[in-house]
Each structure stands twice: as structure tokens, then as C-alpha cells.
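Enquirer: Sequence:
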Amino acid sequence: MVIGVLLAAGIGGVIVFALLLIFRKDLVGVDLSARRLLRLYLYLASLAAVMVFAIGVATAFDWGMARAFGGEAVYGRPPTAQLCPTGVNCIDPDRLRLQYQHERDQREQQDLLRGVTLAVFGAAFWGGHRLARARMGDPSEATSTLRRAYNVLGTFVFGVGTVVLLPVGIYQVLYVTLLQPAPDVFVQGVGDSLSGGIVAAVLWPVYLLRAVRAVLASTPSSTAAVPRAAI
Numbered sequence: 001m002v003i004g005v006l007l008a009a010g011i012g013g014v015i016v017f018a019l020l021l022i023f024r025k026d027l028v029g030v031d032l033s034a035r036r037l038l039r040l041y042l043y044l045a046s047l048a049a050v051m052v053f054a055i056g057v058a059t060a061f062d063w064g065m066a067r068a069f070g071g072e073a074v075y076g077r078p079p080t081a082q083l084c085p086t087g088v089n090c091i092d093p094d095r096l097r098l099q100y101q102h103e104r105d106q107r108e109q110q111d112l113l114r115g116v117t118l119a120v121f122g123a124a125f126w127g128g129h130r131l132a133r134a135r136m137g138d139p140s141e142a143t144s145t146l147r148r149a150y151n152v153l154g155t156f157v158f159g160v161g162t163v164v165l166l167p168v169g170i171y172q173v174l175y176v177t178l179l180q181p182a183p184d185v186f187v188q189g190v191g192d193s194l195s196g197g198i199v200a201a202v203l204w205p206v207y208l209l210r211a212v213r214a215v216l217a218s219t220p221s222s223t224a225a226v227p228r229a230a231i
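Just so it is clear: in the sequence shown, position 189 is 189 by my numbering, and no numbers are missing.
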């Protein structure tokens with residue numbers, strides 16, 4: 001669920017940015033040299049790396065919650081109590097519980113391995129591209145169009161992730177805690193939605209504040225020294 005939400009938001013944001021780049025009058029005629037195209041790649045790749053890092057942290061957070069509160073709360077619980085007609089051999093409920101427990105244990109271990117792998121790879125990938133951007137230093141870096149678009153796109157991606165995932169995760173926690181569903185009812189785990197929403201809620205204000213600072217830095221007094229269509 002986390003991957004789907006962040007990926008959909010990211011693709012939508014990139015499409016909107018591409019349309020603005022094509023149709024905005026103040027960007028018409030901008031020289032898209034190899035250097036500027038490389039900077040465009042570095043910004044997009046950096047945001048992709050942050051998304052991979054966020055997915056990894058959310059997945060590892062699932063593992064942590066499973067260790068703290070139990071795998072059933074995080075990964076859900078299939079119905080274990082079944083109505084068995086007379087004369088029909090039904091699966092032993094204890095056997096079902098053991099099978100579900102084994103599946104949850106396997107998923108817990110997979111989440112730890114996947115989460116650490118994605119988080120480390122995303123952090124390393126972002127660090128490499130951030131270093132490359134720094135090596136390409138540009139006087140107009142703070143107020144460039146690409147810089148502002150990068151911050152706004154990050155705000156959009158993680159803002160959508162927060163709004164979509166966090167309320168769902170909180171609802172699932174309240175449902176399990178307050179209503180206490182019966183054993184014959186399927187219970188959706190809080191994993192993915194709650195952990196993804198928390199991680200997105202942490203990254204959202206980071207990008208939002210940077211976007212606000214970039215907008216404030218491009219006030220009329222600053223634009224006299226920095227062209228509006230600088231990339």
C-alpha cells in the first residue's frame with residue numbers, strides 16, 4: 001500500500017511538473033543544455049531515493065511494531081473460528097492458528113531484511129546524487145526552478161502519503177482496540193498504512209518548509225539578481 005500510494009503520487013507530480021515545464025511562458029526558450037538536463041536527472045533521482053528510503057523505514061517500522069505489539073496487530077488476523085457442518089472434516093482451528101503464526105513470523109523476518117536493504121540503498125543513492133549536485137555548484141541553486149520544483153514535488157508526494165495512509169492506519173488501530181472483533185471476523189493489520197503514514201508525516205513538513213523558504217528566497221528583491229527561469 002505504501003509503495004502504491006507514493007509511486008502514484010510521484011508519477012502524478014512528475015507529469016504535472018513536465019506539463020508546467022512545457023507550457024509555462026516564462027520557461028519557453030530556456031536552454032536545456034546537457035548540464036541542466038543532468039541537474040534535472042539528479043533532482044528526480046534524489047526524490048526517488050528518498051521515496052525508496054521512506055518505504056524501507058516504513059517496512060522496518062512494521063517489523064518493530066510486530067516485535068513490540070505482536071504480529072497479529074501489524075499483519076492482520078484471518079478468521080480462525082469456522083462453522084463446520086455435521087459430517088464434514090474441517091481444518092483444526094489450532095492447526096490454522098499455527099499456520100497463520102508461521103506466516104506472520106516469515107513476513108516479520110522478510111520485513112526486517114527488506115526494510116534495512118531499501119533504507120540503506122535509498123540513503124546511499126540519495127547521498128551520491130546530493131554530492132553530485134553539490135559538486136555541480138550553481139550560484140542560483142537556492143532559487144532555481146528545479147530546486148523549487150523538487151521541494152514542491154516532495155511536499156506533494158509525502159503530503160498525499162500522509163493524508164491517505166495515516167487516517168487509515170489510525171482507523172485500523174481504533175477498530176481493533178475499541179471494537180475487539182470476534183474470532184470469526186477478518187482483521188486488517190495496521191502495518192503498511194500506519195507505518196507509511198508516520199514516515200510520510202515526518203518527511204512532509206521537511207519538504208514543505210524547504211519549499212516555503214525557496215519561495216520566500218525568490219521574492220522580487222531576489223529575482224533582480226536571479227532570473228525567474230533559471231534552472
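Everything labelled a hint here was simulated from the structure, so no lab data went into it. Think of the CB as a built atom: it goes at the ideal place given N, C-alpha and C, for glycine as much as any other residue. Check each hint, because a few of them may be wrong.
Ranges between beta-carbon positions, derived for each pair [stated by the list, open to error]:
(1) Leu179 x Leu37: 33 to 39 Å
(2) Ile11 x Ala123: 20 to 26 Å
(3) Glu103 x Gly64: 32 to 38 Å
(4) Tyr175 x Arg130: 53 to 59 Å
(5) Ala8 x Val212: 36 to 42 Å
(6) Gly70 x Ala134: 18 to 24 Å
(7) Gln101 x Val215: 49 to 55 Å
(8) Thr117 x Pro205: 36 to 42 Å
(9) Leu174 x Pro78: 16 to 22 Å
(10) Thr177 x Arg95: 40 to 46 Å
(11) Ala134 x Ile11: 53 to 59 Å
(12) Ala134 x Leu113: 30 to 36 Å
(13) Ala45 x Leu96: 44 to 50 Å
(14) Arg97 x Leu209: 43 to 49 Å
Enquirer: Give a verdict on every hint.
Expert: Hint check:
1. One distance hint, 33 to 39 Å for the beta-carbon pair Leu179 and Leu37, is violated here, with the actual separation near 54 Å.
2. Distance hint for Ile11 and Ala123: a CB-CB separation of about 23 Å, consistent with the stated range 20 to 26 Å.
3. Taken as a hint, the range 32 to 38 Å is violated for the pair Glu103 and Gly64, whose Cβ atoms sit roughly 19 Å apart.
4. For the pair Tyr175 and Arg130, the supplied restraint of 53 to 59 Å is violated, since their beta-carbon distance comes to about 41 Å.
5. The given range of 36 to 42 Å is broken by Ala8 and Val212, whose C-beta atoms sit roughly 25 Å from each other.
6. The given range of 18 to 24 Å is broken by Gly70 and Ala134, whose C-beta atoms sit roughly 45 Å from each other.
7. At roughly 52 Å, the beta-carbon separation of Gln101 and Val215 lies within the given 49 to 55 Å, and the hint holds.
8. At about 27 Å, the CB distance of Thr117 to Pro205 disagrees with the hint of 36 to 42 Å.
9. A C-beta distance of roughly 21 Å is found between Leu174 and Pro78, which places it inside the suggested range of 16 to 22 Å.
10. Distance hint check: the CB atoms of Thr177 and Arg95 are about 28 Å apart, inconsistent with the given range 40 to 46 Å.
11. A hinted range of 53 to 59 Å for the beta carbons of Ala134 and Ile11 is inconsistent with their spacing of about 27 Å.
12. Range check, Ala134 to Leu113: about 32 Å between beta-carbon atoms, so the 30 to 36 Å window is met.
13. Remark: the range hint 44 to 50 Å for Ala45 to Leu96 is upheld by a beta-carbon distance near 46 Å.
14. Under the hint 43 to 49 Å, the C-beta atoms of Arg97 and Leu209, about 48 Å apart, fit the expected range.
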